[in-house]
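Could you build all of it, start to finish, from the sequences and the hints given here?
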Amino acid sequence: MPSGDNAFMTALQLIVGLDQTLVGIVLLSLQVSLGAVAIAAVLGLPLGAAIALWRFPGRGLLITLLNAFMGLPPVVAGLMVYLMLSRAGPLGSFGLLFTPTAMVIAQCLLVLPIIAALCRQVVEDLWQEYEEQLRSLGTSRGRAIPTLLWDGRFSLLTAVLAGFGRASAEVGAVLIVGGNIDGVTRVMTTAIALETSRGDLPLALGLGIVLMLLVALVNGAAYLVGESARRRAG
Amino acid sequence: MRRVFLVSLILVVTLVLGPAKASDQYITLASTTSTEQSGLFRHIVPTFREATGIDVRVVAVGTGQALNIGRRGDADALLVHDRLAEERFVDDGYGLDRRDVMYNDFILIGPESDPADVAGVDSVLDAFRRIAGAGASFASRGDDSGTHRKERQIWSEAGIEPAGRWYRELGSGMGAALNTAAGMDAYVLADRASWLSFRNRQELTLLHEGDDALFNPYGSILVHPDRHRSVKADLARQWHEWLVSEEGQKAIASFKVRDEQLFFPYAQ
Amino acid sequence: MNDLHRQPGMLALELEGLGFRHRDQVLLRDVNLRLPSGSRTIILGPNGAGKSLLMRLCHGLLQPTWGRVRWAGSDIQRAEAARLRQAMVFQRPVLLRRSALANIEYALSLRGLGRRARRARAIEALEHFGLGHLAARAARVLSGGEQQRLALARAWALEPEILFLDEPTSALDPAATKAVEDAVMDFHRNGTQIVMTTHDLGQAHRLAEQVVFLFQGSVLEHTPVEGFFSRPVSRQAQAFLAGELVW
Numbered sequence: 001m002p003s004g005d006n007a008f009m010t011a012l013q014l015i016v017g018l019d020q021t022l023v024g025i026v027l028l029s030l031q032v033s034l035g036a037v038a039i040a041a042v043l044g045l046p047l048g049a050a051i052a053l054w055r056f057p058g059r060g061l062l063i064t065l066l067n068a069f070m071g072l073p074p075v076v077a078g079l080m081v082y083l084m085l086s087r088a089g090p091l092g093s094f095g096l097l098f099t100p101t102a103m104v105i106a107q108c109l110l111v112l113p114i115i116a117a118l119c120r121q122v123v124e125d126l127w128q129e130y131e132e133q134l135r136s137l138g139t140s141r142g143r144a145i146p147t148l149l150w151d152g153r154f155s156l157l158t159a160v161l162a163g164f165g166r167a168s169a170e171v172g173a174v175l176i177v178g179g180n181i182d183g184v185t186r187v188m189t190t191a192i193a194l195e196t197s198r199g200d201l202p203l204a205l206g207l208g209i210v211l212m213l214l215v216a217l218v219n220g221a222a223y224l225v226g227e228s229a230r231r232r233a234g
Numbered sequence: 001m002r003r004v005f006l007v008s009l010i011l012v013v014t015l016v017l018g019p020a021k022a023s024d025q026y027i028t029l030a031s032t033t034s035t036e037q038s039g040l041f042r043h044i045v046p047t048f049r050e051a052t053g054i055d056v057r058v059v060a061v062g063t064g065q066a067l068n069i070g071r072r073g074d075a076d077a078l079l080v081h082d083r084l085a086e087e088r089f090v091d092d093g094y095g096l097d098r099r100d101v102m103y104n105d106f107i108l109i110g111p112e113s114d115p116a117d118v119a120g121v122d123s124v125l126d127a128f129r130r131i132a133g134a135g136a137s138f139a140s141r142g143d144d145s146g147t148h149r150k151e152r153q154i155w156s157e158a159g160i161e162p163a164g165r166w167y168r169e170l171g172s173g174m175g176a177a178l179n180t181a182a183g184m185d186a187y188v189l190a191d192r193a194s195w196l197s198f199r200n201r202q203e204l205t206l207l208h209e210g211d212d213a214l215f216n217p218y219g220s221i222l223v224h225p226d227r228h229r230s231v232k233a234d235l236a237r238q239w240h241e242w243l244v245s246e247e248g249q250k251a252i253a254s255f256k257v258r259d260e261q262l263f264f265p266y267a268q
Numbered sequence: 001m002n003d004l005h006r007q008p009g010m011l012a013l014e015l016e017g018l019g020f021r022h023r024d025q026v027l028l029r030d031v032n033l034r035l036p037s038g039s040r041t042i043i044l045g046p047n048g049a050g051k052s053l054l055m056r057l058c059h060g061l062l063q064p065t066w067g068r069v070r071w072a073g074s075d076i077q078r079a080e081a082a083r084l085r086q087a088m089v090f091q092r093p094v095l096l097r098r099s100a101l102a103n104i105e106y107a108l109s110l111r112g113l114g115r116r117a118r119r120a121r122a123i124e125a126l127e128h129f130g131l132g133h134l135a136a137r138a139a140r141v142l143s144g145g146e147q148q149r150l151a152l153a154r155a156w157a158l159e160p161e162i163l164f165l166d167e168p169t170s171a172l173d174p175a176a177t178k179a180v181e182d183a184v185m186d187f188h189r190n191g192t193q194i195v196m197t198t199h200d201l202g203q204a205h206r207l208a209e210q211v212v213f214l215f216q217g218s219v220l221e222h223t224p225v226e227g228f229f230s231r232p233v234s235r236q237a238q239a240f241l242a243g244e245l246v247w
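Residue numbers (the working numbering), protein chains in the order written: chain A, 1 to 234; chain B, 1 to 268; chain C, 1 to 247.
In short, the hints are calculated from the structure, not lab data.
From the three backbone atoms N, C-alpha and C, an ideal C-beta is built for every residue, glycine too.
All clues given are correct.
Just the calculated beta-carbon pair ranges, DEER-fashion:
#1 R42(B) x G220(A): 32 to 40 Å
#2 V225(A) x A163(B): 55 to 63 Å
#3 H22(C) x Q121(A): 19 to 27 Å
#4 Q202(B) x R232(A): 55 to 63 Å
#5 G220(A) x E161(B): 53 to 61 Å
#6 G17(C) x S228(A): 53 to 61 Å
#7 R232(A) x N32(C): 48 to 56 Å
#8 V225(A) x Q153(B): 54 to 62 Å
Far from chain C, some chain A residues (derived; all Cβ distances over 12 Å):
#9 L27
#10 F56
#11 E124
Pasting the structure below:
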């Protein structure tokens with residue numbers, strides 16, 4: 001990778017030069033973070049909606065826990081996944097440690113509470129508005145979940161993007177479970193940490209700028225899709 | 001609208017499943033930040049891969065953590081630098097066949113102003129005594145790495161129990177420790193490889209080197225397959241043998257940063 | 001009470017000793033009513049009398065504290081099952097964030113209609129209410145009057161035996177109000193029983209066959225519309241009609 005004294009010049013060189021190593025790291029970063037967010041959304045959205053619609057004992061505790069887990073330190077999440085996936089751990093036989101899959105699992109653990117907690121709030125508000133009408137039409141609670149998720153899709157997009165922001169920004173979890181292996185599990189954030197510890201601060205900052213551009217790009221794309229859809233759907 | 005969501009879903013799924021690395025033959029090597037960050041593995045692993053078709057995935061951590069990864073069976077081989085701990089690792093049945101592979105040396109880094117006046121002293125023990133005596137800032141890795149263990153050993157041989165505001169235990173890797181030392185004009189014990197590849201030196205300079213006590217040998221150990229059946233014993237052994245072979249030793253010797261050789265062959 | 005039981009097997013609504021309490025407040029007490037199938041009933045009363053509450057109990061959206069809602073002429077026991085043969089139009093229509101057509105199709109899918117039958121029925125309903133040209137438009141961007149008509153079209157597509165309407169025109173302009181009233185009469189011509197609340201006495205006069213007058217949670221009168229407007233029996237109804245008791 002190029003290396004200079006100026007972070008912005010370095011960032012520019014990285015982007016313009018389409019550095020092969022960088023392209024690989026960027027693709028892996030997207031793959032891991034988007035994968036984690038996708039899985040967390042598939043699990044977290046229905047979970048959040050279900051918590052919003054049903055009343056059951058321990059619900060308040062569950063909501064509190066979910067909200068608390070939004071602040072789960074990435075290092076702790078990483079450590080938990082590490083102990084699970086380690087050969088000496090309960091899921092060791094799958095041999096997932098130090099693979100991108102392990103990183104997806106760890107980030108999923110970080111993102112899931114965010115998506116589920118924000119989704120619960122969105123769906124609960126929506127349910128207030130819709131409940132009588134939907135029940136009048138004969139919608140069961142189970143059937144209401146996809147309906148409400150679909151109708152809340154614009155607010156939920158924000159929840160999912162918040163999850164993506166957390167996933168793409170964290171370094172603690174992927175470093176522990178991925179091992180920052182060159183060409184295999186090195187992503188943007190661990191590469192930045194590595195270059196920082198090598199004292200190549202311009203390159204580290206340059207990578208940071210590339211990462212921010214990347215996140216901005218994903219958010220921008222999501223915003224455009226959401227806005228055009230919102231304009232059509234009202 | 002539904003179509004847009006469907007397309008994005010497909011996109012995500014391809015992203016997730018798409019570039020799944022298909023390098024089937026590989027071993028996981030737990031090694032130290034100093035070796036990885038110097039760029040050594042980028043230099044020698046391709047040569048090994050060409051010869052054997054085996055890829056080496058390096059997880060770079062402190063020596064203490066590397067040994068722990070080996071103990072849990074999460075790596076197939078280790079390349080670390082703390083001989084006492086390495087021997088204990090083998091004696092405890094976690095590893096086997098420890099071999100000397102290469103060495104470099106530790107060096108004492110400090111600010112150019114050299115407030116403890118260690119530049120001219122004969123031994124590193126004296127240098128450490130002067131630092132403690134002057135109460136000059138000292139940045140300790142504090143992370144149970146090979147370098148940290150070496151540093152503790154020097155303090156103990158110098159008869160000093162370092163404590164006080166001048167002694168900063170950082171709990172971080174070599175690079176982070178160097179960054180911190182540069183930031184607060186502190187002395188720091190480093191391995192030569194990390195120092196040579198370190199770019200954010202600011203006022204830091206090399207103040208002491210060449211002492212016998214600063215000898216820094218690296219050993220290769222195989223993780224014992226009896227402990228963990230998942231260990232790729234055969235592949236790991238090929239790497240292990242290659243490291244101490246003539247070819248491997250030549251590859252190590254030919255690795256240079258700014259025309260300076262960082263590691264020296266040491267196989268017997 | 002005249003028996004308007006026109007089609008055997010259709011739902012006749014019977015309320016027996018119905019009451020509702022929220023926390024310590026009794027909001028509805030001892031309501032005994034029989035609303036024959038095919039009738040048009042307007043529930044009147046000042047704000048807070050319990051009109052909306054009564055309708056929600058009838059529709060099964062709330063569970064009564066006392067008494068029960070019975071469906072004479074049928075073996076339906078559960079409120080959920082009864083609700084599938086009813087529809088309700090609310091003061092502010094709740095439409096889903098999708099096209100007008102999809103809103104109706106959604107309601108039909110809950111009744112187990114196949115995709116093709118849904119589409120045909122939904123288009124028919126939209127055209128019946130003069131909304132055919134808006135089928136692909138997002139429901140949420142329609143005007144208030146169009147939205148309420150869409151809610152009516154959705155109810156119409158379900159072919160309910162009873163249609164509940166909770167102040168359906170209170171937020172609409174005169175033209176849209178007229179459209180809703182026409183729709184109500186249209187429903188009724190097709191055999192649907194109407195139960196509706198309103199604040200508009202003129203509207204009540206135009207639409208009702210019979211009037212239920214509620215005051216502070218009790219039914220004070222249940223009479224044919226002419227009788228109610230010309231000879232109210234209770235002092236409260238007299239005051240209400242004189243405009244002295246609305247709030």
